[in-house]
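Trainee: Take a look at the letters that make up each chain.
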Amino acid sequence: MSQQFLMATLILAPLIGFLINGIRYKKHSAEVAGAIATGAATISFIVSVLFMVQLVGSEPENRRIAVSFFDWINVGALKIPAGFVVDQISGIMILVVTGVGSLIHLFSIGYMHHDKGVAKYFAFLNLFLFNMLLLVLGDSLPVMFVGWEGVGLCSYLLIGFWFTDQAKAAAGMKAFVTNRIGDAAFILGMFVLFLTFGTLHFHELNHLMPASPALSWLSPLTLGTLLLFIGATGKSAQIPLYVWLPDAMAGPTPVSALIHAATMVTAGVYMIVRMNPVFLMAPNTMEVIAIIGGLTAVMAASIGLTQWDIKKVLAYSTVSQLGYMFLACGVGAFGAALFHLMTHAFFKALMFLGSGSVIHSMHEEQDIRKMGGLKKYMPITHITFLLGWLAIIGMPPFAGFFSKDDILWMAFHSPRGHILLWVMGFAGALMTAFYMTRLMALTFWGQSRVDKKIHPHESPALMTIPLVVLGLLSVIGGWIGIPHVIGSILPGEPSNILEAWLEPVLQQVPGLEHGDPSQEWMLMGVSVLFAALSAAVAYNFYVKNPERPKALANALGGFYRLVADKYRVDEGYFALLIQPLVKGSQGLWFYVDVNVIDKATFVVADVVRGGGNFVKTLQNGNIQRYALYVAMGIVISLTYILLR
Amino acid sequence: MGNSLTEIIINSIKLILVFLIMVQAVPVLVWLERRGSAFIQNRFGPNRIGPLGLMQLLADAVKFLFKEEFSPAKSVKFLYYAAPVVALVPATLAFAAIPLGAPVQWDQYVFHLQGYEISVGIVFVLAVSSLATYAILLAGWGSGNKYALLGALRASAQVISYELALGLSIVGVILLYGTFDFNEIIQAQQGPLILHWMGHEITFLSFLPNWGIFYQPLGMVIFFASAFAESNRLPFDLAEGEAELVAGFHVEYGGFKMLLFFIGEYGHMLVSSALIATFFLGGYTIPWVSMAELTQWVGTFIQTPNWISLVTGLITFAVMFAKIAVFLWIFIQVRWTLPRFRYDQLMDLGWKTMLPWALFNTILTATVIYFAHLG
Amino acid sequence: MITDVFLFWFLAIVTLAAGITVVTVTNPIYSALALAMTMIGVSALFVTLGAYFLAGVQIIVYAGAVTVLFVMVVMLFDLKYEVVAFSRGKVSGALKLASGATLGGLLIGSIFLTVNGVTKAVSVGTSEKAGDTTKELSRLLFTKYVFGFEALGVLLLIIAVGAVALARSKGGTHAEH
Amino acid sequence: MPNIDSAVSSAAPNMVLLTDTIPVGIGLTHYLVLSAILFVLGMIGVLLRRNAIVMLMSIELMLNAVNLSFVAFSHFLGLIDGQIMVFFVMTIAAAEAAVGLAILVSIFKRYREVNIRFFEHLRG
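Chains as they are written, first to last, in my numbering: chain A, 1 to 644; chain B, 1001 to 1375; chain C, 2001 to 2177; chain D, 3001 to 3124.
By construction, these hints were calculated from the structure, which means they are not laboratory data. Any given hint might turn out to be false.
[To be verified] Restricting the straight-line Cα-Cα distance to at most 20 Å, the calculated cross-link-like pairs of lysine to aspartate or glutamate (EDC-like) are: (1) C/2135 x B/1181; (2) A/616 x A/606; (3) D/3109 x C/2078; (4) B/1146 x C/2004; (5) C/2135 x D/3081; (6) A/616 x D/3120; (7) B/1077 x C/2136; (8) B/1146 x B/1060.
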């Protein structure tokens, strides 16, 4: 099979699924639609596995399969082929996207079983998968941007999937608009880069980089990368554009798992990793990225401490985990960022699906205060959720541990890093451990606060199978990236497979020397220890004596309420940006539009209508009159011909 | 028309003769019909006047001629009187175009035993007989009577519908013989039946005459059936459903005008039978006897070639009429054995059964001919 | 020789008379019958031009089918003599007549201006054996003009369906329930 | 176009026949003028008659005139193509009559009249 064919299958399979389901979305039942959609996703997954096998089979330096179908844009200097590339980075990404995607499709069959527009739902899911693959595989910024916009659209459609509910529709709108802001910046970034380097092709860009970093803030490189990063903040929910993600939980839970935890929101991170040489050459941008990422990690985690909606908690934890990834990118630990992206995709998808299963069994109840003691009702969900929990709070040897500690170590150790960054990450880790434990405790442990009318039950196999698979992944997923210090003492000395794998495509931060193991051991020990401690504290708080949190909240008083209100960021945005806009537009409407533009159009309309009225008299419905016109026309033309 | 005066005269005489043949056939047919129906129904029928009641026809003619001449008060006179004449025309014209015997060679002249030879005879006959509708419509409208009008509309609709099946069923024959000319068709049907397939000759059937019916059985059936409908005979005589429409379009007609309608109807029967004989039964040819043999056999009695060919022509003429008579009798027999259709049944039969089968026959014939000539 | 000249003039006069009747008679029945007469006259003219097959088809199609349809429709509608058979309006009527007359004059004038050139250019007649023209006709129809032929077939199908859909019977033996 | 050539070539020996069937007296002109007059008649009918059925008949008249001129040309130019055109025209005419009458029938069901004036109500 030719690479072209494989690539076409990989990309088009979801699109075809989308078309089939989309065209007949009124007819298909949940089973049929789900079977079609899941089949399409699975086909893509199989193909991506084939690609990975090929890559593994070939030598490290030419692990790169580039396929170009046709010239998409060809204007002057701008030549954009519709080209797609599978290399070490996008290879991992397509595995994650299609693999987790397939599992979530499978889960959705059970979850969306009773919904009216289930086929429409699956059609959107497939469309999202298609766009995501475009984004991941695109070998140039514009191609990636197509997917970038596409996933934005799908997330809008899926957040507002139950659009009859005003709030949910509004949430979708919010997500879309916020993304648009980022996208505008993204486009500008593309312009800058094109002006500077005359190409938007990743491969060429990465090789066009100057030898020495551009230190000035105004250098086109810095500007372009900054703009791209703003785009990333939009898509990946970083400060200041993170506000849409918590609301995005209005969508169906599998959607939150797929789009708003595993794949789409990581697009920004992926973009930065994919362009790591470019970003490396813009230290200022890196700095900004690192700081923003750190801040986001801390802030989101702190908000997560106070939320009562199970999905909101997960959403904020997602934001903060993304913050980790950006932090990693910022300190030049691109490998760590990608690593964490992958592991996070596993355990966060797992936890979202778990929460979905919980919500499903609780009949759409999302408030963790009304849960508790679900352990005995839904054992499988509980076990898998437990695994995810262990992974996210970074307990060895679970997946989260390796990736997170890799990030923290790099934040501390990398020349681009700083002790403060490490502190942020550390604080974030502590809070993560706390609120995750809190979530576990309130949801599964302790005595049941479940409403008497509701009888929780374990979800069907269709939903638990993905949970189990993801649980397994979030245990072993991290073992491909075991750091040397640990690997050296483990039996068989497992090396860092991921590092070796990514080595050819990732550039080292200049001046990164080998850190000494003792330091690394120490940091690792500290973070794990304190995470465990805060987890224990949380357990104590919410299981042993549940009145303490309230006491603490009262003690904190205003600060607590501030955090609980998510720092009132939305309100601030509303007051500072949206209100002035609305007012200004209203002014324009009342004074400019009504008085000037409408008048003008009315005048034009009157002129046209007058003319029409005049011409109308000719068309009076009298057929014989028409015939007369024809005859006279013939007569006249004939006379002309004869007398000419 | 002709080049020399004699020819012109002879041809004009031929025309008159053909017309007379048709007109004179009618009383015979009437008599035949009445006697035949009587025997079928186990009666005697007209047997008073003359031997076997043969003179009955004269009496009928006289009665028809001397009946009172009247026209309904509400009728449109012109149309009312025009209709019977128009009814007579198509049958006559069509009948005149059909060859009734082998051409006669008299000195340097060649006389075909038909009113006038037309190279596109089939088209001509179809065209002329399609005019028969007007007679019905004129009669129905002209007599200013709602029964008559209804009958006329039904009859004309029926005729139009069945013309399709009729024409299509002939298409097979036209494909087979590749001509519109009756004489050529008849010539092609001489000799024993030898089928051609991919260039091979299949001779095990050659004890049969080389007639069209063996090539076009389905076509013949359809043609025969729709011929009944064309000439408004039972089981297709809805136009004159006595039960619901008294007598259909000629309810207001009597006397001689009625007779003209009769002549038209029987003329149609004649034409249909002659066409069937021509298309499917080898026309005026004698089975198992070729023209050459016939002339030779005649030559054993007579010497002068003119007379030989004349006698041959007359013999073939007799043969042709024998064939026609068979079908005429079938017409009569059917009329007195089968009941009448209901109108929707009639239309369904015409459009949903006969038309598709005729189409199928056409396509089948085309393919078979294609393969037959492959070799 | 003489017979043909006579034939032409006779047919021409009959056809024209019938045509005029079609346009002028106030009773639609009569105009329909006159139309049939015109058709027959035209087909006879075809015969004088050696287009035997077309003549036959002309009668079958026009006189046998189309005009019969007209007559039947008129009878079904049972239209009596009309009060306003012609469109009123002095000016428009005059204009219409005038335009018609001028058009006729122009046509005839152009014919007289141009026809000689035509005949002088190619003055060969078709072969007179009608069978030949018929065979020739069919050959052309299925080789050079086959596309148009097929297109017409499709058109006829559409027309049939459309006509049935337009005037489908409401009630009666063939009503759809 | 082998057909045309064969037609012309086969026509050449038939000159005699041509001359004695269509004498010098009657030429193309006669037929064309006849068809022109018929055409104008039909046109006047379409323009002046109120009865839609009669208008349709007049259209048929015009078409016949055209057919006549076609056949005349094909005869005098020795080209069969004209007759093909007549074929097509006939088909179109039949179709047109069928549809026109169908429309008339539905109109008549509505207004119990076929006066062309009633078609002006069919706006929109």
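Trainee: None of the hints should be skipped; say for each whether it holds.
Mentor: Each hint, compared with the structure:
no.	hint	in the structure
1	C/2135 x B/1181	holds, 12 Å
2	A/616 x A/606	holds, 15 Å
3	D/3109 x C/2078	holds, 13 Å
4	B/1146 x C/2004	violated, 45 Å
5	C/2135 x D/3081	holds, 13 Å
6	A/616 x D/3120	holds, 14 Å
7	B/1077 x C/2136	violated, 47 Å
8	B/1146 x B/1060	violated, 29 Å
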